[in-house]
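Protein chains in written order, with this note's numbering: chain A, 51 to 542; chain B, 104 to 584.
Source of the hints: derived by calculation from the structure; they are not laboratory data. Heads up, a few of these hints could be off.
Unchecked claim - As a list, the in silico BS3-like pairs of lysine-lysine whose alpha-carbon atoms are at most 27 Å apart:
| # | chain 1 | residue 1 | chain 2 | residue 2 |
| --- | --- | --- | --- | --- |
| 1 | B | 474 | B | 488 |
| 2 | B | 511 | A | 122 |
| 3 | A | 128 | B | 447 |
| 4 | A | 387 | A | 157 |
| 5 | B | 186 | A | 128 |
| 6 | B | 474 | A | 128 |
| 7 | A | 347 | A | 326 |
| 8 | B | 478 | A | 128 |
| 9 | B | 186 | A | 122 |
| 10 | A | 336 | A | 103 |
| 11 | B | 481 | A | 74 |
| 12 | A | 122 | B | 481 |
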Amino acid sequence: MTKIGLEIHCQLTKLESKLFCSCKADYRGFEPNTNICPVCVGLPGSLPRLNKKAIEKATVIAMALNCQTPQKIAFFRKNYFYPDLPKNFQITQLNIYGPTSIGQEGKISVEGKEIQIRRIQLEEDPGRLIYEGSSERTQITLVDYNRAGTPLVEIVTEPDFENPKQVRLFLNILSDLLENLGVSDPSLEGAMRADANVSIEGGSKVEIKNINSFYDLEKALHFELTRQQSLAERKIEIIQETRHWDDKRKITISARSKEEEEDYRYFLEGDIPWVKIDSKTVERLKEGMPESISSKKIRYENYGIPTQVADILSSEKYFSDFFQKYLDYSNLVINKKLGVPNNFNEIEEFDKKYHSFAKEGANIITTDLMGLLDNKEKRNASKLTAEHLSDLVNAILENKITRHSSKTVLQTMVKTGKPISEIISEFALEQVSDDAILSTMIDEVIKEESKAVEEAKLNPEAINYLVGKVMKKTKGQADPTLTLNLLKKKIS
Amino acid sequence: MNLGISALDYIEAIKNGEFTVEEFVSETFDQIKKVDGKLHAYLSLNDKALDQAKELDKKRKAKEKIGSCMGMPIAIKDNICVKGAKTTCASKMLEKYTAPFDATVIARLRKQDALFIGKTNLDEFAMGTTTEFSVYGPSKNPWNQEYVPGGSSGGSAVAVSALESVVSLGSDTGGSVRNPASFCSIVGLKPTYGLVSRYGLISYANSIEQIGPMARTVKDTAFLLNVISGIDPNDNTTIDNHGEDYLKNIDSGIDGKKIGIISEMVGKGTDNTVSSATKKALAKFEDLGAKCEEIPIDMVDYSVASYYTITSTEAGSNLARYDNLRYGFDFDLEGYEFNSYISKARRSFGPEVTRRLIIGGFVPSAGHAGKYFLKALKVKSRLTKEINAAFKKVDFLVAPTVPILPFKFGEKLDDPVAMFLIDFNTVTANLTGKPAISVPFEISNGLPIGIQIIADSMQEKSLFQAAYALESTTNLPKVPL
Ligand SMILES: [Zn+2]
Chain A
51 MTKIGLEIHC QLTKLESKLF CSCKADYRGF EPNTNICPVC VGLPGSLPRL
101 NKKAIEKATV IAMALNCQTP QKIAFFRKNY FYPDLPKNFQ ITQLNIYGPT
151 SIGQEGKISV EGKEIQIRRI QLEEDPGRLI YEGSSERTQI TLVDYNRAGT
201 PLVEIVTEPD FENPKQVRLF LNILSDLLEN LGVSDPSLEG AMRADANVSI
251 EGGSKVEIKN INSFYDLEKA LHFELTRQQS LAERKIEIIQ ETRHWDDKRK
301 ITISARSKEE EEDYRYFLEG DIPWVKIDSK TVERLKEGMP ESISSKKIRY
351 ENYGIPTQVA DILSSEKYFS DFFQKYLDYS NLVINKKLGV PNNFNEIEEF
401 DKKYHSFAKE GANIITTDLM GLLDNKEKRN ASKLTAEHLS DLVNAILENK
451 ITRHSSKTVL QTMVKTGKPI SEIISEFALE QVSDDAILST MIDEVIKEES
501 KAVEEAKLNP EAINYLVGKV MKKTKGQADP TLTLNLLKKK IS
Chain B
104 MNLGISALDY IEAIKNGEFT VEEFVSETFD QIKKVDGKLH AYLSLNDKAL
154 DQAKELDKKR KAKEKIGSCM GMPIAIKDNI CVKGAKTTCA SKMLEKYTAP
204 FDATVIARLR KQDALFIGKT NLDEFAMGTT TEFSVYGPSK NPWNQEYVPG
254 GSSGGSAVAV SALESVVSLG SDTGGSVRNP ASFCSIVGLK PTYGLVSRYG
304 LISYANSIEQ IGPMARTVKD TAFLLNVISG IDPNDNTTID NHGEDYLKNI
354 DSGIDGKKIG IISEMVGKGT DNTVSSATKK ALAKFEDLGA KCEEIPIDMV
404 DYSVASYYTI TSTEAGSNLA RYDNLRYGFD FDLEGYEFNS YISKARRSFG
454 PEVTRRLIIG GFVPSAGHAG KYFLKALKVK SRLTKEINAA FKKVDFLVAP
504 TVPILPFKFG EKLDDPVAMF LIDFNTVTAN LTGKPAISVP FEISNGLPIG
554 IQIIADSMQE KSLFQAAYAL ESTTNLPKVP L
């Protein structure tokens, strides 16, 4: 049986500062070696200063992954020489003296399959190596310590995955979850990385390292599985080893054996005393945790939002946050309109209205807005507010504009931030529901489409063709129900 | 002018206008010029000290308030960072290193207007007990220049002893403050672990070492501790002492106190002269109203082995950063593959550091940790239990600071094990985190002997009271300069 396990590294990019100093946790956009201080470059005499916020965020992750969180956590030194590691040891966590890492034994469900989390640990990210030079002979290596000391959470799973597809689904769920918790922005380059271990029936475990993106991870897994299967078919032993993913050639390569023998000489980091996480803190963190994706989804479904829509909306933090703001504002609007409900009937009426706002809003966000704002730049540039969307939905629900023209309104709102009234008059989008005007238009269509009219008399289905023609004439602004009724009257 | 006055007397004299800061500092530099060519207490001097002294005098003249140290000259061991000053650890590795920030203790002294005279000699990275492992050559004992001054804070002890500074700071990982204090006949304190911030102290064995004050009198030592101690956000291991004043009631005496003599520390291996001095000290304690009894602490016999295993392990990690990539000495790294560059650059460590790094690579390694490193940790925790139990019975533990007299240069250089045993009486305080002080007690045939008093954690105040009481019974000759 195929077994795949993962070690996922996730940077806590939403933190203000690094794990042991006050340099910025999000180092992106700095000139090389400018987001540094004596502590994160490990100058002689410097000492780590533990960022308590990092402990809290990591604990929140552990709780969200259903892990047990210990009452006391400890840090250890992992000793090895590498130029991106300023102290030539990494401060990390370990469970050799009992469960002292930030979380253990969690689980997460992927389409009904339970994936066990072995442990979660908090550690510091090393710096970055940048290779320059065209050939191996002329190659030089530059070191940028801006990243050194960035808080990193490592999530280690049991080898519970049976195929690369499960891995992909898991990583999608995990990155949505981390984003929803407000601890990390997984879309930032390098914010989430993963190593994997892979084995097939009868073979030893092979570790794959150096994978830079989740996209490459899936490729690496496919390659490695194929490699192991072909060895097995040829009855060649699959040895336990570490292999590196070669980004350019898209293959895994055996790492030098020296690396496997590496002995990290772990021992307790004496500069950081054990940290107590008391039950009060745990309670406070639990209370402060944002609503989980799955409970959001259930709530959306209770509004009558279709499962598929609820699924998409709940897992995209940017849009579900926006949706919530929209709901809160719409709540006020409905209250204004209906008055605060104070009996059962009024509550029912209120809910009905609220649900139709929810359904219409969710619909617009998932079908139109997600397409309009499909990247960060567009989201930052967008002028759309929750109030805008609520006004728009209100106009639709009150038949002031058609769903068809709502697209134009939305686009304009995103671009200009103008209020709905201005946009409607500017584009003359007011729905044509004036009987007289509509009647003239329909007469024109009946004259032009005599053949279709005859057909419609015999086959009631064919009348839709004529409704379409009227719509075209009114540039989509005709009230569809009214048009149908008028047409039916005139034909018969 | 008497350069040999205590820090507190110096401060009084400045207050009374007996001399100016400039006069005192200038004379101190004259003394350094006169004796340091032979004694080699300093590795570098602060060339701005005289200007800073003038500045303080100006402020005093203008009736501006200045800090409690009043320009008191202080020498700093060269493994403590002073902003803008070379900080070499007496190693080739940091030959060109200038510290870009002040250690917390330095910042606190600066705030109180202490004057930094210079950086003092030590065994490379504070590993040694004689200063013979300084890459810049050893310091000499002012009492007899053929003898070692002790170590590793040898330079700091010599500077105070030879009137080249009023006080100094050392660091104590296994006796490095107390040992040279004893050999040079001055007072040296190893504070409770966590009482003094280590921020800016270049780590050797970070889980047990402390910066410690070195001075001519117990009172000066207490005064210095007042300035440098207390919680520090830059060192997560520091403890809040709520601004304790260690000078207050220092003369309370030790009437009715109980003193335990650690049997293992006065037994075989102890020099006869040292033994009889210790007996005399105990008699003095009894005269002062204390009750003395012998207390065996079994784990002491394993303390040195445990100490070297733990310190080597931590040194192996703490000194790993010296790869000469970011700072260090002149060495062109271009053209090397990383691993070969590292091993080449790291060959610049001296023999003792190299020896401990090799041990430190071995004892905690997979397959050996259980036999060595983890066992050493077990000894440490059992020793702590035994010492804690002892402090349930007595107020202080007493032993000679060093079991032997100061010895001649080269005498033990080729015998690392003999060198290690010099630490036999001092490492216990480090392994257990307890405060310990060395008080000069006797000069025997021209060689100093110090008595060590150990107290329970955070009991520095009563420790000073005991030390002050013992000091009051002595009348020692002046250093023969
Ligand atoms: Zn920093």
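Take the C-alpha atoms of residue 474 (chain B) and residue 488 (chain B), compute the straight-line distance between them, and say whether it is at most 27 Å. holds (21 Å)
Given the hint that residue 186 (chain B) pairs with residue 128 (chain A), does the C-alpha gap stay at or below 27 Å? violated (30 Å)
Given the proposed pairing of residue 478 (chain B) with residue 128 (chain A), does the C-alpha separation stay at or below 27 Å? With a Cα-Cα distance of about 20 Å, the restraint between residue 478 (chain B) and residue 128 (chain A) holds, given a limit of 27 Å.
Between residue 122 (chain A) and residue 481 (chain B), does the CA-CA distance stay at or below 27 Å? holds (21 Å)
Does residue 336 (chain A) pair with residue 103 (chain A) here, judged by a C-alpha cut-off of 27 Å? Distance of about 14 Å is within 27 Å: holds.
Quick one, are residue 474 (chain B) and residue 128 (chain A) close enough, alpha carbons at most 27 Å? Cα-Cα ~20 Å, so holds.
Distance restraint between residue 481 (chain B) and residue 74 (chain A), which requires alpha-carbon spacing of 27 Å or less: violated (40 Å)
Please verify whether residue 511 (chain B) and residue 122 (chain A) have alpha carbons no more than 27 Å apart. It is violated: about 50 Å lies between the C-alpha atoms, which goes past 27 Å.
Does residue 387 (chain A) pair with residue 157 (chain A) here, judged by a C-alpha cut-off of 27 Å? violated (46 Å)
Keeping to a limit of 27 Å between CA atoms, is the pair of residue 347 (chain A) and residue 326 (chain A) held or broken? violated (35 Å)
Would the hint linking residue 128 (chain A) and residue 447 (chain B) be met if the CA-CA limit is 27 Å? Between residue 128 (chain A) and residue 447 (chain B) the Cα gap is close to 23 Å, so the pair holds against 27 Å.
Given pair status - residue 122 (chain A), residue 186 (chain B), alpha carbons within 27 Å: Violated - the C-alpha atoms of residue 122 (chain A) and residue 186 (chain B) are around 37 Å apart, more than 27 Å.
Hints 2, 4, 5, 7, 9, 11 from the list above are not met by this structure, while the remaining hints are.
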